[in-house]
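Go ahead and model the full structure; you've got the sequences and the hints to work with.
For what it's worth, our numbering labels the leading residue of the sequence shown as 89, then goes sequentially.
Calculated from the structure, these hints are not laboratory results.
Every clue listed holds true.
Below, simulated SDA-like cross-link-like pairs (lysine to any residue); rule was C-alpha separation at most 20 Å, straight line:
1) K141 to S121
2) K152 to L99
3) K142 to I120
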Amino acid sequence: MLFTDNKKKNLIRNWRIYNGWTQEELAEKAKISTNLIRLYELNQKTLKYQTAKKIADLFGISLKQLYEKGDD
Numbered sequence: 089m090l091f092t093d094n095k096k097k098n099l100i101r102n103w104r105i106y107n108g109w110t111q112e113e114l115a116e117k118a119k120i121s122t123n124l125i126r127l128y129e130l131n132q133k134t135l136k137y138q139t140a141k142k143i144a145d146l147f148g149i150s151l152k153q154l155y156e157k158g159d160d
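Right under this line is the structure:
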């Protein structure tokens, strides 16, 4: 399952900064590359469900909290 709704923007960067983590630290904790974190934060790569869930769990939030509704 992919999150392909273009009206939703992920808030990975916001939550990462809130937790005081660098992109490198989040990548290490999530066991994915720093480049992927960068692409996800820029919404240039679509998150797979498993990755989104893993990142949300690291932040201690729900999947719903990882996304915001767009203004469209």
